[in-house]
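Dock chain B against the given chain A, drawing on the hints supplied.
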Amino acid sequence: MRHAAAATLLALAGSALLGVALQATPAGAAAAERARTHEVVIQGLLYGPETLTVRPGDVVVWINKDPFPHTVTAAGVFDSGSIAAGKSWRFTAKKPGTHSYLCTLHTTMKGTLRVE
Amino acid sequence: MKHFIITVAASSLALLAGHAVAQAPSDAQIASIVVTANQVDIDAGKLAESKGSNAEVKAFGKQMVTDHSGVNKQAVALVTKLKVTPEDNATSQSLKSGGADNVKNLEKLSGAAFDKAYVDHEVAYHQQVLDAIDKTLIPSAQNAELKSLLVTVRPAFVAHLEHAKHLQATLAKKS
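Residue numbers (the working numbering), protein chains in the order written: chain A, 1 to 116; chain B, 117 to 291.
It is possible that part of the hints are untrue.
Below, simulated DMTMM-like cross-link-like pairs (lysine to aspartate or glutamate); rule was C-alpha separation at most 25 Å, straight line [stated by the list, open to error]: (1) A:LYS65 with B:ASP236; (2) A:LYS110 with B:GLU278; (3) A:LYS65 with B:ASP204.
Sample of chain B residues at the chain A side, in silico, Cβ under 8 Å [what the hints assert, rightly or not]: (4) THR182; (5) ASP183; (6) GLN190; (7) LEU194; (8) THR201; (9) PRO202; (10) THR268; (11) PRO271; (12) VAL274; (13) ALA275; (14) GLU278; (15) ALA288; (16) LYS289.
If you're looking for bench data, these hints aren't it; they were derived computationally from the structure.
Ideal Cβ placement from N, Cα and C applies to all residues, glycine included.
Only chain A is shown next, with the shape it has when bound in the complex (with noise of 0.2 Å):
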């Protein structure tokens, strides 16, 4: 008996939660479609990660930890300008397409950013 109860009750929760699940699907899917934000990290002239995929509306955010000024820049696409020692930028991602870019303070510096 206290099986069948525990079943039920199981069951109820389960279906509880179906329902949960069912209605929430459009609330769910605005959610994960919610800007999400994404870190570069520039450290020994590197972006870490050098390559990162982002969602259109997405916010990327690098963050300049070396000791002097670096740029994010892509011709045409989206240009940091110099981001001092220790200061960051933020872009949101709009345009989607692989963009590569690169310091043009250091130009062996080079990352991409995938919008898709």
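Positioned in the frame of chain A, the structure of chain B alone reads:
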């Protein structure tokens, strides 16, 4: 004269490389070498910022002042934290006198001749410092944080060398 200056700079760093075989520099000596090497390029950069005739050369000089000042600020903060007192040594003295000779030579020049001499020296200087970082400074550094600082700033010297070589090629095309 220019070749003489570059040779002097190269030999001061060759002396540094030679030291690795004879006697590895201590952390206090490495600290002094790092600070002096940066200072020498800051001084030359300041001169290029004011005396350079080509806009790219001036911008490069300005960037050398900014980047090497940043590295020195970080180096000084680290040695202060580690309670290491930079110790003057044959290599740092040689770098200092090589830098002073370079500045003295550059002060006599102007226009395209200045730009060329400055950029040529920057190529030689960054190449030699890079060799010293790889062959002597990183292998000799005892303190892990000092070693890590050298490893972290090494790519800046690579990028500066590439940039200086690019400028050298641009100036050669113009002349």
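Violated constraints from the hint list, given by number and in increasing order: 1, 3, 7, 8, 9, 15, 16
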